[in-house]
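0 is the number of the first residue of the sequence shown in numbering that gives the first Met the number 0; add one for each residue after it.
Note that these hints are calculated values from the structure, not bench results. Any given hint could be a false lead.
[What the hints assert, rightly or not] Derived EDC-like pairs (lysine to aspartate or glutamate); straight-line CA-CA distance at most 16 Å:
| # | residue 1 | residue 2 |
| --- | --- | --- |
| 1 | Lys206 | Asp37 |
| 2 | Lys133 | Asp153 |
| 3 | Lys380 | Asp393 |
| 4 | Lys226 | Asp37 |
[Claimed, not checked] Beta-carbon label-pair distances, calculated as ranges:
| # | residue 1 | residue 2 | range |
| --- | --- | --- | --- |
| 5 | Lys291 | Asp143 | 30 to 36 Å |
| 6 | Glu331 | Glu163 | 56 to 62 Å |
| 7 | Leu40 | Thr511 | 37 to 43 Å |
| 8 | Ser434 | Thr523 | 27 to 33 Å |
| 9 | Val404 | Asp143 | 42 to 48 Å |
| 10 | Cys285 | Gly509 | 38 to 44 Å |
| 11 | Gly252 | Thr530 | 28 to 34 Å |
| 12 | Thr530 | Gly509 | 22 to 28 Å |
| 13 | Ala375 | Gly445 | 26 to 32 Å |
| 14 | Pro282 | Asp398 | 24 to 30 Å |
| 15 | Gln228 | Leu46 | 54 to 60 Å |
Cβ atoms here follow ideal geometry from the backbone N, Cα and C, with glycine treated the same way.
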Amino acid sequence: MKKFISGGIALAAVTSLVGMSVFAAKNYTAADLVALGDALLGRGPVLEGQDVTGDGIVNVFDLIAMRQAMLSTGEFTESTVPATEENVRYIGRNYYDGEDLWLVHSGSAAEFTVTGKSASVTISGGGSEKNDEKSRPRYAVIVDGEIVLDELIDQAEKTITLFEGETSRTAKVEVIHLSEANNGAVGLKSITVDSDSLVPVAPTAKKDLTIEFVGDSITCAYGVEGKDQYENFRTSTENFMKSYAYLTAQQLGADYSAVSYSGYGIISGYTSDERNTDSLVPPIYCQIAKQKYTQAWDFESHKSDVVVINLGTNDDSYLSKDFEARCDTYTEGYVDFLGTVRENNPDAYIICTVGTMGCEEVYPLIEEAVAQFTKATGDTKVTSFQSATQNMADGLGSDWHPSEVTHQKAAYFLADFICKTIGRESDEMGVNVTSGLEYQLSEAEGTNGFGFYSEWNNSYNYNVVEGGSSPDAISVYMAPFGLKAGGKYRLSFSAQAGEGITLPVYVKSGDTVIFEDEYTGKGTGSKVTYTGEFTVKDAVSQGSLVFGIGANNGLAFGIESVELTRIG
C-alpha cells in the first residue's frame with residue numbers, strides 16, 4: 000500500500016507538475032478521478048495506480064497530475080455518453096435500466112460536469128408524456144446554477160441544448176425531477192458533447208453529509224407554487240427545489256434523497272373515514288419506488304447520515320375520526336417503521352417530525368413511539384422534533400398546503416435542529432433566538448406595578464403604578480440567547496402602550512448595548528408592529544432583549560409575537 004498524505008500545497012509545487020510526462024501514457028477515466036478524490040478525502044481506500052506521479056506517495060499532487068493527463072486529445076470530436084454512474088452522479092433514488100437513467104422521486108437528479116464547445120442532453124418521457132396535462136412530470140435543467148429549462152414532459156424523447164459556441168468551456172449541469180413519483184419519472188438518456196477532452200463528462204463530487212427525507216405531499220412541495228388554497232393539484236405547481244427538504248439540504252451543504260408520496264402515511268393514507276392501506280410508505284420504503292420501480296433499494300451503497308421522517312399528516316385524517324380508539328395503532332405502526340429504518344440505516348441519526356399542516360395531536364404519539372423504540376432497543380440516535388404550524392399570513396399553496404415562505408421557515412428550523420442533533424455548529428439562519436424563552440421582569444427599588452403572562456398567545460402585560468425616574472427602572476426582558484458574529488438580525492414584535500408614549504428597546508450583552516431603538520405607542524387597545532434590523536460584530540452567548548417601561552405612571556403595556564431572527 001502506498002503512503003497516503005493530504006494537506007495544503009504551495010502554488011509553486013502545483014505549477015511544477017504541469018510539465019511532467021511520467022503519467023502521460025495512461026488514459027484515466029472519470030471514475031478514476033472520483034476514486035482518487037474520495038481517497039484523498041478519507042471516503043475511500045487508496046488503490047493501485049493512484050500514485051500518478053510515481054513518487055511513492057498518494058496525495059493531492061496525484062489528483063492534479065491525473066486531471067492534467069485527462070485534459071485534451073488535441074482534436075474536437077462529438078461523442079455521446081450514457082447516464083451511468085461512471086459519467087454522472089446520482090442524487091436520490093434513481094434507476095438505470097441499461098438505456099435511460101430514471102429520476103424517480105421528488106428531487107431525484109443527475110449531476111455532472113461537461114467540457115466542450117457544445118453540449119446537450121436527451122430526455123425521455125417513458126410514457127408519462129401521455130398523462131393528462133395536469134399530471135405530467137415536471138423537471139428542470141440547470142447549467143452553472145442557472146435554470147435553462149423548467150417544463151412538463153410532453154414528448155417521448157427530447158434533446159435540449161446546454162450550451163454552444165466556438166470556445167471550449169466546462170460547465171456543471173444538473174437534471175432534476177421537480178414533481179413526484181406518483182405521476183411518473185423523468186428519464187435522462189444521454190449527454191452529447193463536442194470536446195477535445197479525454198473525459199468530457201464526469202460526475203461531480205459527493206458531499207460530506209447525506210440526508211434522506213421520508214414524507215408525504217409536504218415533502219413533495221405539493222402546490223407550493225399554487226396561486227391560493229382553492230386551487231387544486233397539478234404537477235406544474237409542485238417544485239421540489241422549494242420544498243423544506245431541498246432547502247434544508249442546501250443550507251447544510253448536504254446531499255439528499257427523498258422518498259415521498261402525496262396522500263401517504265404510516266398506517267393510513269388520506270381518507271374521509273375508513274383506513275386507507277393502499278397509500279402507506281412502510282411497505283415500499285425498502286424498494287426504489289412503487290409501480291415500475293419495485294427493485295430493492297441498495298442502502299449499503301447509498302448511506303445516509305440523517306433520516307428525517309415526516310409522516311402523520313395523512314394518518315390524522317383517519318385517527319381524528321376516533322382518536323382514542325385508533326391512536327395506539329399509529330404508535331405501534333410508527334415503532335415498527337422505526338425498526339425498518341434503523342435496520343437499513345444502522346449508523347444514521349433518525350429525526351421524526353410532523354406539524355406543518357397542524358396535526359398537533361399526532362406529535363405526542365410520535366414522541367411516544369420514539370420513547371418506546373428507544374427503551375426497547377437502547378438506540379439513542381432517534382429523536383423527535385415538532386415542526387412549526389404554517390401561518391396563514393405566510394400564504395397558502397394549493398389545497399391548503401404550505402407556501403414557499405412556510406417551506407423556507409421550516410427549512411431554517413430543521414437545519415438548526417439537525418446541526419444540534421449531529422453535533423455540528425449551526426449558523427442559526429432563520430431561527431428565532433427568543434423562541435421558548437419566557438418574559439422576565441426587573442423592577443428598581445421604589446417602583447411597583449402588576450403583570451401577568453397569557454399562555455394562549457405567549458403575551459405579557461404589565462400595568463405600571465410607580466414607574467421610577469427612568470424607563471430602565473422597570474424592564475421586561477427575554478434572556479439568555481446567543482448571537483452569531485457577523486450575523487444580520489431582524490427584531491419584530493407587536494406591542495401596545497399609551498398614545499405617543501415612547502419606550503426604549505435594547506439588545507444587550509451584559510451592560511454592552513448591541514442594538515438600541517424606540518417604540519411609540521398609539522394608545523391602549525391599539526397594537527403596533529415594530530421591526531428593526533442590526534448586525535452583530537462579535538458573537539454573543541448571553542444576550543438579552545430588553546423593553547424599558549419605567550417612568551410612565553399608569554402605563555398599560557402589552558407585548559406579544561416577539562421574534563429576533565437571523566436573516567443574513
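Right, here's what the structure says about each hint:
Proximity of Lys206 to Asp37 is assessed by CA-CA distance (about 10 Å); at most 16 Å being required, the pair is judged to hold. For the hint pairing Lys133 with Asp153, the CA-to-CA distance comes to about 11 Å; that is within 16 Å, so the pair holds. In summary, the hint linking Lys380 to Asp393 is not supported, as the alpha carbons are separated by about 33 Å, beyond the 16 Å threshold. As the CA atoms of Lys226 and Asp37 are separated by approximately 45 Å, the hinted pair breaks the 16 Å bound.
Between Lys291 and Asp143 the CB atoms are about 33 Å apart, so this pair conforms to the stated range of 30 to 36 Å. Range check, Glu331 to Glu163: Cβ separation about 58 Å, and the 56 to 62 Å hint holds. Between Leu40 and Thr511 the CB atoms are about 42 Å apart, so this pair conforms to the stated range of 37 to 43 Å. The hinted window of 27 to 33 Å between Ser434 and Thr523 holds, with their beta carbons roughly 28 Å apart.
For the pair Val404 and Asp143, the beta carbons lie near 27 Å from each other, so the given range of 42 to 48 Å is not met. For Cys285 and Gly509, the hinted distance range of 38 to 44 Å is not satisfied, since their beta carbons lie about 54 Å from each other. The hinted range of 28 to 34 Å is satisfied by Gly252 and Thr530, whose Cβ atoms lie roughly 30 Å apart. For Thr530 paired with Gly509, a C-beta distance near 25 Å keeps the hint of 22 to 28 Å intact.
The supplied range of 26 to 32 Å is broken by Ala375 and Gly445, whose beta-carbon atoms lie about 60 Å from each other. In this structure, Pro282 and Asp398 meet the distance hint of 24 to 30 Å, their C-beta atoms being roughly 25 Å apart. About 55 Å separates the C-beta atoms of Gln228 and Leu46, a value consistent with the hinted range of 54 to 60 Å.
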